[in-house]
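Input sequences plus hints: build the corresponding full structure.
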Amino acid sequence: MDAFIEQFFNLGVMAKAFPLLMRGLGMTLLICLAVIPLGFVGGLLVALARLSRSAMLRISVRILTDLFRALPPLVLLILVYSGLPFTGIRLSPFTAVCIAFFLNSSAYYGEVLRAGVESIGSGQWEAARSTGLSGRDTFLFVVLPQAVRNVLPDLVSNTIEVVKLTSIASVVSMTELLYSADMARSITFNASPVVLAGLIYLVLLWPAVRLASRLEHRVGT
Amino acid sequence: MTAASPILDIQDLRKSYGANEILKGIDLAVHAQETVFIIGPSGSGKSTLLRCCNRLETPDAGTVTVDGVDLGDPRTDINAMRRRIGMVFQSFNLYPHMKAMDNITLALRRVSKKSRADAEVLALAALERVGLAEKRNAYPAELSGGQQQRIAIARALALEPKVMLFDEPTSALDPELVGSVLAVMSDMARAGMTMVVVSHEMRFARDAADRVVFMDHGVIVEQGSPGEIFGQSQHARTRAFVSQLER
Ligand SMILES: Nc1ncnc2c1ncn2[C@@H]1O[C@H](COP(=O)(O)OP(=O)(O)OP(=O)(O)O)[C@@H](O)[C@H]1O
Ligand SMILES: [Mg+2]
Numbered sequence: 001m002d003a004f005i006e007q008f009f010n011l012g013v014m015a016k017a018f019p020l021l022m023r024g025l026g027m028t029l030l031i032c033l034a035v036i037p038l039g040f041v042g043g044l045l046v047a048l049a050r051l052s053r054s055a056m057l058r059i060s061v062r063i064l065t066d067l068f069r070a071l072p073p074l075v076l077l078i079l080v081y082s083g084l085p086f087t088g089i090r091l092s093p094f095t096a097v098c099i100a101f102f103l104n105s106s107a108y109y110g111e112v113l114r115a116g117v118e119s120i121g122s123g124q125w126e127a128a129r130s131t132g133l134s135g136r137d138t139f140l141f142v143v144l145p146q147a148v149r150n151v152l153p154d155l156v157s158n159t160i161e162v163v164k165l166t167s168i169a170s171v172v173s174m175t176e177l178l179y180s181a182d183m184a185r186s187i188t189f190n191a192s193p194v195v196l197a198g199l200i201y202l203v204l205l206w207p208a209v210r211l212a213s214r215l216e217h218r219v220g221t
Numbered sequence: 222m223t224a225a226s227p228i229l230d231i232q233d234l235r236k237s238y239g240a241n242e243i244l245k246g247i248d249l250a251v252h253a254q255e256t257v258f259i260i261g262p263s264g265s266g267k268s269t270l271l272r273c274c275n276r277l278e279t280p281d282a283g284t285v286t287v288d289g290v291d292l293g294d295p296r297t298d299i300n301a302m303r304r305r306i307g308m309v310f311q312s313f314n315l316y317p318h319m320k321a322m323d324n325i326t327l328a329l330r331r332v333s334k335k336s337r338a339d340a341e342v343l344a345l346a347a348l349e350r351v352g353l354a355e356k357r358n359a360y361p362a363e364l365s366g367g368q369q370q371r372i373a374i375a376r377a378l379a380l381e382p383k384v385m386l387f388d389e390p391t392s393a394l395d396p397e398l399v400g401s402v403l404a405v406m407s408d409m410a411r412a413g414m415t416m417v418v419v420s421h422e423m424r425f426a427r428d429a430a431d432r433v434v435f436m437d438h439g440v441i442v443e444q445g446s447p448g449e450i451f452g453q454s455q456h457a458r459t460r461a462f463v464s465q466l467e468r
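Protein chains in written order, with this note's numbering: chain A, 1 to 221; chain V, 222 to 468.
Incorrect hints may have been included.
[As the list claims (entries may be wrong)] If you anchor each label on the Cβ, the simulated ranges turn out as follows: (1) A:R69 with V:G293: 30 to 36 angstroms; (2) A:R69 with V:G413: 56 to 62 angstroms; (3) A:L57 with V:V342: 40 to 46 angstroms; (4) V:A359 with A:G83: 54 to 60 angstroms; (5) V:A282 with A:G83: 54 to 60 angstroms; (6) V:A359 with A:R53: 52 to 58 angstroms; (7) V:D233 with A:S60: 37 to 43 angstroms; (8) V:D428 with A:G135: 36 to 42 angstroms; (9) V:G264 with A:R136: 31 to 37 angstroms; (10) V:S237 with A:R69: 53 to 59 angstroms; (11) A:R69 with V:T284: 46 to 52 angstroms; (12) V:D294 with A:M56: 25 to 31 angstroms; (13) V:G293 with A:L57: 23 to 29 angstroms; (14) A:L211 with V:D248: 56 to 62 angstroms.
The set of hints was computed from the structure by calculation and includes no laboratory data. Quick caveat, the model's predicted, so the values are computed rather than measured. Heads up, the beta-carbon is just placed ideally off N, CA and C, and yes, glycines get one too.
Here it is, written out as structure tokens:
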């Protein structure tokens, strides 16, 4: 038992790794800050394209979103980071992470938002258009706020997934939280930094998980 | 004095869904300050006719002219025209995420380009006309059906429409709430609003209508004063329909 605590809950090791992990957390938050808005806006564009009048656009966007949802994000990231340079585009790891996550999370956010927009009856569109509102204003001011509210639990869950997924940025040697923890582990030959990283994720995401399930209940009733 | 041209002028209007011809050549002129009721059996095309009058539906043929502007002309700014063509729906269609006030100011601000303060002054005036100024901060879900419909009327009224279209404005309401909506509509008619009303409230039509139009299977069978249509119509189809309403 002592050996177990020594290996996984070693407070001394945790304290030493703490500054490194904090820097890693900073990088994780930075990635989230870039990737979540990108994915959300991308998702909006996907949802709009899926509802477009042009069948060409609808079908091509559906094929793309299916593709990016089927492709493991890790594969996508490696392809973007080490594949694109062959076409003459050199990417920083951060840019590669942004592009890969944009493609992946736009597809997911897009599906969620599309469901939200479809949940709004045609009466809302008609009422707004009958007052002279343009299609764009109707979407922005009448449909989208209601659509987002209807799928808020799914949006929050999706965002939690994105945050957890940022750990794969380590494969392109970005020193985000989990990568920092693993570095500390290999230096100290002790797993406690990884446990600490887990605890940090928990503190970060537990409120969001609670929020998601509370929203779920509110929408359910 | 020249004969005034109609506010709403519908000529040879046709509309099909697939092979199903819903409007088979409708001619109807509505003059300023007139209140015209449209009655007819379910599926006869009443809603489709109204929806062609503000281009929620695109007609296949024929013209709809509002205040001298041909809605089908590609040069017509349809959003600018729609502001002048109020529409009230059976199911109210208020924006549930906005307070009554914001339901009304949205188009004033985005379409009429009013400042928030100006829009709120106009919205409040419209709310007063429907007797609901004190509900300006209520959300639609906090209002009765009758109140919601009156807010919906105020939303259209605030844009100072040339003509108002009502599609069965009271048929989604509990009977005891119908009266409050009809009272607002009577006030509007008396104040000189031009109105086209699809409604089977016969008692109300007798009081408020200048003219009643009977539609069946996509054509106007006949039109006349409420007395003529509800009383001694020459057409068997009209008589059969009216007698069914009376039951
Ligand atoms: N978008 C649509 N696509 C196909 N058919 C439609 C569409 N809208 C209406 N119709 C059909 O057109 C016909 C006329 O419909 P409309 O709603 O104009 O009738 P109405 O006179 O308003 O009837 P009600 O009294 O039931 O409201 C109906 O048979 C309806 O099924
Ligand atoms: Mg109808």
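Status of the given 37 to 43 angstroms range, CB of A:S60 versus CB of V:D233
41 angstroms Cβ-Cβ, so the 37 to 43 angstroms window holds.
Confirm or reject the claim that A:R69 and V:G413 have a C-beta distance inside 56 to 62 angstroms.
holds, 59 angstroms
Cβ distance range 46 to 52 angstroms for A:R69 and V:T284, holds or violated:
holds, 49 angstroms
Range agreement (Cβ of A:G83 with Cβ of V:A282, hint 54 to 60 angstroms):
holds, 55 angstroms
Lying within 56 to 62 angstroms: is that true of the beta-carbon distance A:L211 to V:D248?
holds, 59 angstroms
If you check the beta carbons of V:D294 and A:M56, does the distance land in 25 to 31 angstroms?
holds, 29 angstroms
Using the Cβ atoms, figure out if V:A359 sits within 54 to 60 angstroms of A:G83.
Taking Cβ atoms as reference, V:A359 and A:G83 lie about 57 angstroms apart, which means the hint holds.
Starting from the hint 23 to 29 angstroms, judge whether the C-beta atoms of V:G293 and A:L57 obey it.
27 angstroms Cβ-Cβ, so the 23 to 29 angstroms window holds.
Quick one: are V:S237 and A:R69 within 53 to 59 angstroms, going by C-beta?
Violated, since V:S237 and A:R69 (Cβ atoms, about 40 angstroms apart) do not stay within the stated range.
Against the range 31 to 37 angstroms, how does the distance between the Cβ atoms of V:G264 and A:R136 compare: consistent or not?
holds, 34 angstroms
Quick check: does the Cβ-Cβ distance between V:D428 and A:G135 fall within 36 to 42 angstroms?
Distance hint for V:D428, A:G135 holds at roughly 39 angstroms.
For the hint 30 to 36 angstroms, verify it against the beta carbon of A:R69 and that of V:G293.
For V:G293 against A:R69, whose Cβ atoms are near 43 angstroms apart, the range 30 to 36 angstroms is violated.
Going down the numbered hints, you'll see the structure goes against 1, 6, 10, while the others check out.
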